[in-house]
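S.K.: What follows is each chain in one-letter form.
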Amino acid sequence: MSWYTIDTWIVIVGVLCAISCALPGCYLLLRQMSMMGDAISHAVLPGLAIAFMVTGSRSSIGMFIGAAVVGVLTAVFTQWISSWGKVDRGASMGIVFTTLFALGLLLIVQAADHVDLDPGCVLYGAIEMTPLDVFTSFTVAGVAIDIPRAAIVLLGVLLLNLIIILAFFKELKIAAFDPELATSLGINAQWMHYLLMTLVAITTVAAFEAVGSIIVIAMLIVPAAIAYLLTDRLWVMLVISAVFAALSAVLGHVSAIGLPHLFGMESTTTSGMMAVVLGVFFIIVWLVSPRQGLLRRQIFGKTVASKEDLMHE
Amino acid sequence: MQANLENRPIATHEASYPLAIHDLTVAYSRKPVIWDIDLDIPEGKLVGVIGPNGAGKSTLLKACLDLVPKASGDVRIYGQIYRKNRNLVGYVPQRESVDWDFPISALDVVTMGLYGNIGWLKPVRSQHKAIALDALDRVGVAQLADRQISQLSGGQQQRVFIARALAQQAQLYFMDEPFAAVDAATERAVVELLQDLRNQGKTCVVVHHDLSTVTQYFDWVILLNMRVVAAGPTQTVFTQENLHKTYGGKLTLLVEASEALKNLGK
Amino acid sequence: MIPALGNFITEWAGWPEALDVLLLQNYNTRLVVLSTTLLGIASGIIGSFLLLRKRSLMGDALSHACLPGIGLAFIILVAFGGEGKYLPGLLLGALVTGLLGVGMVIAVRNTTRLKDDAAMGVVLSVFFGLGIAIMGLLQKMPGASAAGLEHFIYGKAASMVLSDFGFILTITVIVIAVSMLFLKEFVLLCFDDSFAATSGWSVTLLDMILLLLVAAITVVGLQAVGLILIIAFLITPAAAARFWTDDLRGMLVWAGILGGLSGWIGASVSALLPNLPAGSLIVLVGSGLFLFSMIFGNARGILKRYWKHLKLKRKVGRQHLLRSVFEIIEAELRGESREPVNMAVSVDRLQKHRTWTPKRLHHLIKAASKEDHIESFDAHTLRLSEAGFGEAARTTRNHRLWELYLISYADIAPSHVDRDADSVEHILNPDMVRELEARLLQKESSLAIPRSPHQIEEKGVTP
Chain A
1 MSWYTIDTWI VIVGVLCAIS CALPGCYLLL RQMSMMGDAI SHAVLPGLAI AFMVTGSRSS
61 IGMFIGAAVV GVLTAVFTQW ISSWGKVDRG ASMGIVFTTL FALGLLLIVQ AADHVDLDPG
121 CVLYGAIEMT PLDVFTSFTV AGVAIDIPRA AIVLLGVLLL NLIIILAFFK ELKIAAFDPE
181 LATSLGINAQ WMHYLLMTLV AITTVAAFEA VGSIIVIAML IVPAAIAYLL TDRLWVMLVI
241 SAVFAALSAV LGHVSAIGLP HLFGMESTTT SGMMAVVLGV FFIIVWLVSP RQGLLRRQIF
301 GKTVASKEDL MHE
Chain B
1 MQANLENRPI ATHEASYPLA IHDLTVAYSR KPVIWDIDLD IPEGKLVGVI GPNGAGKSTL
61 LKACLDLVPK ASGDVRIYGQ IYRKNRNLVG YVPQRESVDW DFPISALDVV TMGLYGNIGW
121 LKPVRSQHKA IALDALDRVG VAQLADRQIS QLSGGQQQRV FIARALAQQA QLYFMDEPFA
181 AVDAATERAV VELLQDLRNQ GKTCVVVHHD LSTVTQYFDW VILLNMRVVA AGPTQTVFTQ
241 ENLHKTYGGK LTLLVEASEA LKNLGK
Chain C
1 MIPALGNFIT EWAGWPEALD VLLLQNYNTR LVVLSTTLLG IASGIIGSFL LLRKRSLMGD
61 ALSHACLPGI GLAFIILVAF GGEGKYLPGL LLGALVTGLL GVGMVIAVRN TTRLKDDAAM
121 GVVLSVFFGL GIAIMGLLQK MPGASAAGLE HFIYGKAASM VLSDFGFILT ITVIVIAVSM
181 LFLKEFVLLC FDDSFAATSG WSVTLLDMIL LLLVAAITVV GLQAVGLILI IAFLITPAAA
241 ARFWTDDLRG MLVWAGILGG LSGWIGASVS ALLPNLPAGS LIVLVGSGLF LFSMIFGNAR
301 GILKRYWKHL KLKRKVGRQH LLRSVFEIIE AELRGESREP VNMAVSVDRL QKHRTWTPKR
361 LHHLIKAASK EDHIESFDAH TLRLSEAGFG EAARTTRNHR LWELYLISYA DIAPSHVDRD
421 ADSVEHILNP DMVRELEARL LQKESSLAIP RSPHQIEEKG VTP
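Protein chains in written order, with the working numbering: chain A, 1 to 313; chain B, 1 to 266; chain C, 1 to 463.
Calculated directly from the structure, the hints in this document are not laboratory data.
There may be inaccurate statements among the hints.
[As the list claims (entries may be wrong)] Here are the simulated lysine to aspartate or glutamate pairs, EDC-like style, with alpha carbons at most 20 Å apart:
hint, chain 1, residue 1, chain 2, residue 2
1, C, 54, B, 192
2, C, 359, C, 378
3, A, 86, C, 247
4, B, 122, C, 185
For clarity, every value in this text was computed on a predicted model and none was experimentally measured.
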């Protein structure tokens, strides 16, 4: 296994991507809307595809707007189908996102001749390719540094997520915990809901190039789930999820280019391995978590804390 | 069943009791919901389970029916564990526990009471439908047999649920708040039905909310607030003092006022 | 602006060709169309149970969890010197990891404080990631061509051959047969699992049987529809079926039909436009059928429910109008100790009797005269027709029967009766009326109109 500058950039992009996803993911998890993350990440595809077709480029701000609109529409359509059609929420979500994904796929396949986008990348991205698309380069102490566009975009989205979460920390918290209470306190829980959906959609779009639209679900949900098993405090949960997210990006890429050699094979997909590393972390925490872990349960009996504990800070 | 059963010097728990609860504790999460319940319920009684919200009334029923795991203790139905004697037990869950949009008719719901007897993979036959229709007739909604259940009123839905338990042809009935949010006519019909069952020697354990009707409806009450505050015949157990112990400060002025009014009337 | 659209037109083979495909006349596409139709029928049926059990998205976790199984099965098959792309072997691998994934969802949910949704999200994405990593390895694996495995992700219906069809036929027939065999048990499980548990059924076992059937359908559907979109096959026809019927057996039939239709039409279209992914087309046809059902379904469709609501509103309005006229006549003639007879009443007084706006009242009078309930009316007076007066008397009688019934049987204070009675009288059926008459008017003639139990409030009228 050999390490190049390009590998460093892959890891940086991966870390930025994983942390950007983990933060809104915590709120999705607490609001018991993890599958909404799944739905939105599938559903932004037609938005992306149309934006590709219209602008012919991957880097327009219009692409973000388009995909974010489709992401929020997913939430809205789901709401309509479940309230007008009296269909179970999970099922409405399933109908909406499969429809949108199918539509997006159709558009992408149709446009394949015109736009440089491969259906495979839709699923798991092409993080290995991101360093090739250079945004800007400069020279420091005689060493040329090429900053990939993906790194800049993801850094921007990460900052956006951080700013919004810090600015609306208590509003988001109370809206996640008890929407009705929030409304009675004068916080529009509906707006908080759509704000979160928009964040998820924007993050998904930004992460799309690196990890595709399915692996991104792992980035959204798994770090949050790990952190939820380890702490009862919301801000600690955000920090822990970010740490595990970052670790998964580093170890994911290392194992993607390193592990296969042990079996006499070449490398494998980094994004896939990031999800696998997260899965391994999850299983370890599941087993040995000091408060929630299976092992502790075997010894001390049940100790399941409730969601309320997280709010008592 | 359990090793420590013999060492405990408590209620006789004779096999003749329809329901004998011994030292029952149930815990969700970290804290116990009901704790050290020890009860014998005599046959042929209409038993009200009374207590404030969160007192563990539903949990007590669910633990008796093996629906929630017991942290400790033991429940006997006519001297046997639940699994062995479940043919003798009928159950009416809370009305909100199911989805009333479900695409089935009232008759289908009542027929479910017979599925246990019909057994695996055997189809429902016309004699089963006849039994179910008869049960619907007993609760006065036979004319609604073919209605889809969402087209029934709240009271009618509750009657259908009770008809399902009747179709089980049990000796011991557990009912979880059968009077919650039903019209007064349904309440009256259901009470008459329960008294009917009692007169046939059957036992009904009913979670109940409305303190003002307790003395009117029940022969026996269990006052519950995590532990059994008091249990026994209504006239001896359902006292101001016991109610205060059960509800603490939560016993509202309204209830006291209604009690006072009732005493005036006597 | 969107050049891609041109492709649809240039690829289109023409209507005769389309008809051949749809009618299974075309040998090349017959198998594919038949297979997806069969799959649609079976997944519609089994998906109905999944939907009613409120576990629709479990199918999504399951299908994504199939991917590593396909890769692992391929590795094992190659390692034992077999043909790597032996379909039943690959699908067996998919089944194993799919079920493992579902098992893990249940285990995580039961042993941690994570809820269903998070458990599904974790399993779905991690298993999928694992699958992608394994696929990544296989592409560079020496001595074995793994090309084609990725078809399981998006589906490639056109690659099906006769033996695949036989396989699909067998599995779908088994799945349909087993779910019919367990019809009673599944209904109980889906409607009320705690009641099922108390009457001696093992909920866990029933859930496992149901999920096994779902897994079987998912796995055989992978090839045609792909693992990302197979969930639509399970959810959409079932959800659409619910709009057409209120009966579970009916729902199973409808779901089978709608699922079969989406498979049939979707695969046919994809046969005509071979560059487009079949899975997507099938899903979009299904979504179209869903949308149609949601709007036009004759049991719970939006239009139907809106229509019902409108009808009820009209009926309530008509009854209020007629009853008000009757009550005004009654009040006027009571002074003369006469039984009510049909006579003209003042519109002004009518309007004050209830809190109607002039516009609403005018609308109600218009509607009533269309039904021949009104003989004549102008700006100041209104006179009912004979039919209208009879209807008014009947409506008033029903209303008062209810009031009496509620008073005598429900211990409701008479002052509260009017409002309650207003809301229920409109759903009285003739049987109920007869029952009330029998119970309350044993001694009176059934045609008599019982007096109102409370003094009718004459708003704004001086006696």
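S.K.: Each hint needs a verdict: does it hold in this structure or not?
M.R.: Evaluated hints:
Between residue 54 of chain C and residue 192 of chain B, the direct Cα distance comes to roughly 37 Å. Violation of the 20 Å bound is thereby established for this hinted pair. Restraint check for residue 359 of chain C and residue 378 of chain C: the C-alpha separation of about 14 Å stays at or below 20 Å, so the hint holds. For the hint linking residue 86 of chain A to residue 247 of chain C, the alpha-carbon distance of about 16 Å falls within 20 Å, and the restraint holds. The suggested pairing of residue 122 of chain B with residue 185 of chain C holds, with an alpha-carbon distance near 10 Å, which does not exceed 20 Å.
In summary, the structure is inconsistent with hint 1 from the numbered list given earlier, while agreeing with all the others.
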